[in-house]
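Participant: Given chain A's structure and the hints, the job is docking chains B and C onto it.
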Amino acid sequence: MSMQMRTFILGMIGVPALLALVFLTVYGEQAGAIIARILPRVPMLLTGSADFSSLEGGFVANILISLWSMAIAIVTGAMLGTGLIARSAFVRLPSSLVMNLLRNSPWLVVLFAMLYLLPFEIEIFGFTVSLSPAVKAVIGLALPVTANIAEIFRGGVQAIPSGQWESASSLGYRRLQILRHVVIPQALPLMVPNLMTMYSMLFIGTSLVVVTGANDVLSVARTIIAVDGDAVATAIYIFVLLLFFLFCFPIAILTRRLEHRVGTSHP
Amino acid sequence: MTTTSTTKPLIEMRDVRKSFGTYDVLNGIALDVREGGVVCIIGPSGSGKSTILRCINGLIPVNSGTIRVGDFAVEAMKTDRELIALRHQVAMVFQQYNLFPHRTVMQNLTMAPIQVLKENPADVRERALKLLAKVRLTGKEDAYPSQLSGGQQQRVAIARALAMQPRVILFDEVTAALDPEMVSEVLNVIRDLAGEGMTCVLVTHEMRFAQEVADEVFFTDRGVIVERGPPKQLFQSPNDPRLKDFLDKVL
Amino acid sequence: MNLDFSWLADPYYQYWLLRGLGTTILMSVLGLVLMMVIGIAGALIIHLRVPVLATWTTLFVEMFRNTPPLVQLFFLYFMLSEMGLTLTDPATGQRIPIFSGFTCAVLSLGLYNGALAIEIIRSGLLAVPLQTVEGARSLGYSRVQTFRYIELPIGLRLSMPAMTNNVVSLIKTSNQAALVAVADIMYTATQIMLENFRNLEVMIFVWVVYVALSSLAVVAMRYIDRLIRIPGYGAVA
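Residue numbers (this note's numbering), protein chains in the order written: chain A, -7 to 259; chain B, 47 to 297; chain C, -9 to 227.
Source of the hints: derived by calculation from the structure; they are not laboratory data.
Treat the hints with caution; some may be incorrect.
[What the hints assert, rightly or not] Residues of chain B placed beyond 10 Å of chain A at every Cβ, according to the derived structure: (1) Gly82; (2) Asn166; (3) Val272.
[Stated by the list, open to error] Each pair of labels, with its calculated beta carbon distance range: (4) C:Leu217 / A:Pro111: 45 to 53 Å; (5) C:Leu206 / A:Glu48: 35 to 43 Å; (6) C:Ile194 / A:Ile27: 45 to 53 Å; (7) A:Ala23 / C:Ile15: 38 to 46 Å; (8) B:Arg171 / A:Pro8: 57 to 65 Å; (9) A:Ser154 / C:Leu206: 33 to 41 Å.
Note that the Cβ used here is the ideal one computed from N, Cα and C, for glycine as well.
Extracted from the complex, chain A is given alone in its bound form (with noise of 0.2 Å):
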């Protein structure tokens, strides 16, 4: 859609620029001084070394413990959301309860509390499994996820009309298996977009992992900012809102393109 193409090159220039335009109104004629302390600190800001040795903090590790989230979250939401469609009020009405005490949780509540709840390491059969902070931001950032998740899941469910249920149930299927063949290959189109979107918010609450410990791209700023002294400060976070901006910016054009085409293919 050339609508969208439109907006994304303005997104992906103007943003940019607006954020180059910020940054030289807040230095002024020290830009250049800034920039050349805070170049040599890029590396570390992206992946957690220095020289691009290891690639397990910063940046990346934001983008790993989104994936890992995602991934966590993508299975225990499905079955969350089974809970929530089922026809048994007994499996429902708790389902329901936990998704709604789930959505409803700032994250940062439920970050802190998997840092104080879960200990250094626990043993499963006898390997002892050390639980690191990025460990502990993963689990704390797929709790509310999975609530969303599930919701997503159920909202895909019940779009699909009833004639679907009926003809299918005429049919002598039995209910999990309309889920199976008829209902869910139908709903899971609708329901990408949403999950895109889910995943982009899921991304952006990474930033909240430095509460946890874990070495994400915050938590070197901050070292980097208590090390080079707060002049830097502002540059450092506008060069890490334009990281963000980078990844979560296409991610959502993406998702609206395909709003866009799940919208119109459906008779």
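Facilitator: Using the frame of chain A, we list chains B and C on its own:
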């Protein structure tokens, strides 16, 4: 065309009542259909016609009364397994066709026999091709429902019901959503089916079709069967004033 | 598992917590007001396609939607102090930023959720039936008048469900202010945890408080929705 048969009717409903909350939809329905018979149910909207059909195949559980289909006592069926056994014998075709839009015509026809009845795919496919020929849609096996016209989709829906090899087919206002020029192609298929001896129960507005094809016509109003009889008698010399009123409006 | 909530009875802690709660509520309310102002103004500019401004607003919206509010907060906080907007406290000789953490937090909330609000209101405006707008224009309403008297009232009502989500999101996001030392309930709670080490119980308490606040907000929004509802007009899902 009426026959006085001493064998039990295939479908028998006695004193069936159903309410949705405070709204009483069915207030004591009594109905019977003999094997091979063609029955049409007519009446104003809201009189409960579609609900009757949905009670027969167990989509809607009844509050009281008995429904017998063959050897099945439908009103007592609670579990999925019992209802599925019933639905092998009773097929239904809907006003909105309700084909599976994400599957081709051939897949729509063969899915249920393979996945529900666990039949041999090759046999089912062969049967499906014959059915497509019967509804005059040979060549459309790989089309998707959205690529077909309304009339074509409804014929696929009928073929899909036939693929389950039922004893009874229920038709719920199957031509009501079609453009006028497509109505006759669907009615022709139903006429052929009736001629071949399939037991059919139709809820319909097509009075001329009912006159032509039905063995018996039931008129419902506000949840009860007000009058029943052979079509000629019902349409030409109606007894009940409500029926007279209804016929005046629609004919 | 024995949970010890006895610390809640301590009047000292109660005082702290109540003050923190007050700060949270005040921050949220001010943020909400700013959010609505930005939301309506931005939606107006984009919808009426005001030259130049519309492009800037679109950029603003895209930037704030696709970046973390926490980073936005940090950025605002440091930017405003870097720009030298500080006072020198005569007593201590220290430089204090004019824009305190509280102000930055309110600004940040207003800007971030405001950007989201612009999008939500814009969707609501687009959902106003074309015939209604055409009818107004044929009667002689100018574009701005149509916006003010027709599109905005209907559009706002249509966007209520999504706006409710946004309001709840603002309340939940407000706790980030704790990370710039704003004494809201989150910050107060972490201070208490440092003193009594009852991490689990304090976290549960804070969790409950935020769930309560969110639920209250949802109830309030539903009430407003019912107040302004036009009979027969459904909401856009």
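Participant: Please go over all the hints and tell whether each is borne out by the structure.
Facilitator: Now for the hints, and whether the structure bears them out:
no. : hint                            : result
1   : Gly82                           : holds, 21 Å
2   : Asn166                          : holds, 17 Å
3   : Val272                          : holds, 27 Å
4   : C:Leu217 / A:Pro111: 45 to 53 Å : holds, 50 Å
5   : C:Leu206 / A:Glu48: 35 to 43 Å  : holds, 42 Å
6   : C:Ile194 / A:Ile27: 45 to 53 Å  : holds, 46 Å
7   : A:Ala23 / C:Ile15: 38 to 46 Å   : holds, 40 Å
8   : B:Arg171 / A:Pro8: 57 to 65 Å   : holds, 58 Å
9   : A:Ser154 / C:Leu206: 33 to 41 Å : holds, 35 Å
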